[in-house]
Amino acid sequence: MLTVPVETQILFAGILFFLGLTGLLVRRNLVFMLMSIEIMFNSAGLVFIIAAKHWNQPDGQVMFIFILAVTAVEVAIGLALILQVYHHFKTLDVDAINKLKDDN
Amino acid sequence: MDVFFYIAAAIAIISTIMAISGRNAIHSLLFLILSLLAISVVFYLLDAPFIAALEVIIYAGAIMVLFIFVTMMLNIGLEKKQERRWLNPRMWIIPSILAIILFVDLMLALKNMPAATVGNQVILPKQVGISLFTTYLLAVEIAAILLMAGVIGAYHLGSQKKKVLHRFLVKK
Numbered sequence: 599m600l601t602v603p604v605e606t607q608i609l610f611a612g613i614l615f616f617l618g619l620t621g622l623l624v625r626r627n628l629v630f631m632l633m634s635i636e637i638m639f640n641s642a643g644l645v646f647i648i649a650a651k652h653w654n655q656p657d658g659q660v661m662f663i664f665i666l667a668v669t670a671v672e673v674a675i676g677l678a679l680i681l682q683v684y685h686h687f688k689t690l691d692v693d694a695i696n697k698l699k700d701d702n
Numbered sequence: 005m006d007v008f009f010y011i012a013a014a015i016a017i018i019s020t021i022m023a024i025s026g027r028n029a030i031h032s033l034l035f036l037i038l039s040l041l042a043i044s045v046v047f048y049l050l051d052a053p054f055i056a057a058l059e060v061i062i063y064a065g066a067i068m069v070l071f072i073f074v075t076m077m078l079n080i081g082l083e084k085k086q087e088r089r090w091l092n093p094r095m096w097i098i099p100s101i102l103a104i105i106l107f108v109d110l111m112l113a114l115k116n117m118p119a120a121t122v123g124n125q126v127i128l129p130k131q132v133g134i135s136l137f138t139t140y141l142l143a144v145e146i147a148a149i150l151l152m153a154g155v156i157g158a159y160h161l162g163s164q165k166k167k168v169l170h171r172f173l174v175k176k
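Those sequence lines, one after another, are chains C and S. Per my numbering, residue 599 is the first one in the first sequence, and the count goes up by one each step. Per my numbering, residue 5 is the first one in the second sequence, and the count goes up by one each step.
Hints listed in this document are in silico derivations from the structure and should not be mistaken for laboratory results. Certain hints may be false.
[To be verified] To spell it out: a stretch of chain C is covered by chain S in this simulated footprint if at least three of its residues, at any positions, have a beta carbon under 8 Å from a beta carbon of chain S; those stretches are:
| id | stretch |
| --- | --- |
| 1 | 603-613 |
| 2 | 619-631 |
| 3 | 634-642 |
| 4 | 648-659 |
| 5 | 662-671 |
| 6 | 677-684 |
[As the list claims (entries may be wrong)] Chain S regions said to be covered by chain C (calculated; three or more residues, Cβ under 8 Å):
| id | stretch |
| --- | --- |
| 7 | 101-108 |
| 8 | 127-140 |
Just so you know, these numbers come straight off a predicted model, no measurement behind them. Backbone N, C-alpha and C define an ideal beta-carbon position, used for all residues, glycine too.
Please take these sequences and the hints and turn them into a complete structure.
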C-alpha cells in the first residue's frame, strides 16, 4: 500500500518534465532533442496515472494509452525527418539547418 | 512500499539527468531505457500493472529500439567539435534557470490543490478496456486515423526519392 503523498508523486513527474524541457532547450543535437520530447511525454503520462490512482478512475490510464499512440507516431515521423536532415546536411546540429534564414 | 517508490524515483531522475547530459548518443539512450524501466516500476506501485507492462513493451521495447536503430544507422558517435562549442555554461545556464523558475511555479500552484480521498484499489485492465471501448470509442478511432497517417508519413519521408530534373537541366 503506497502512502506517498500525491504532491510528492506530482513533484517527481514535474522534475522529470523539467529535465526534459531543459534538455530540449540546451541540447543542439536532433536525436537528443527528440529524446527530451520523449521524456516530457512520459512525465505527462505519469501525471495521468497518478490522477487515475488519486481518483480511482480508469480514465487516466485510457489517456496514457492515447499518449502512447501519439508518442509512437511522433517518434516515427521525427526519426524519418532526422534521417532526411542527415542526408541533406550531413550533420544533426540544428544550428546548421538555417536555409530559411535571410542572409542579409 | 514507499521505499520502493523513492528508490525507483531516484533511479529515474538520475538516469534521466545522465541521458540528457551525455555526449555519446547510444549511452544516453541506454540511460533513457533505464529511466523508462524505473518509471514502469512507479506505475506498478501506483496500482496500474497494465500500464507498467505497456511502458516496458512499447516505450522501452519498441520506441527506444527505433531510436537505437536510427542512431546506429547514422553512426553518430561523439560529435566533439559541436559538443565542446555548445555545452559551455554560457549556453545552458539561461535555459536551465528559466526551466527551474517554471518548475518552482508549478510547485507553488500544486500547494493549493484540493485534498481528495486517496484511492487504494487496483484499477484492473478490464475496467480500462471497458472505458476505452465505450466512453472513448471515438477517441480510439481518431487514434487509429492518426497512426495510419503516421505510417504513411513515415513511409513518405523515409523513402529515398530519385531526383527528377527538367530535361533542359539534365547535364549531358
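Hints, verified against the model:
{"no.": "1", "hint": "603-613", "in the structure": "holds (count 8)"}
{"no.": "2", "hint": "619-631", "in the structure": "holds (count 10)"}
{"no.": "3", "hint": "634-642", "in the structure": "holds (count 4)"}
{"no.": "4", "hint": "648-659", "in the structure": "holds (count 10)"}
{"no.": "5", "hint": "662-671", "in the structure": "holds (count 9)"}
{"no.": "6", "hint": "677-684", "in the structure": "holds (count 7)"}
{"no.": "7", "hint": "101-108", "in the structure": "holds (count 5)"}
{"no.": "8", "hint": "127-140", "in the structure": "holds (count 8)"}
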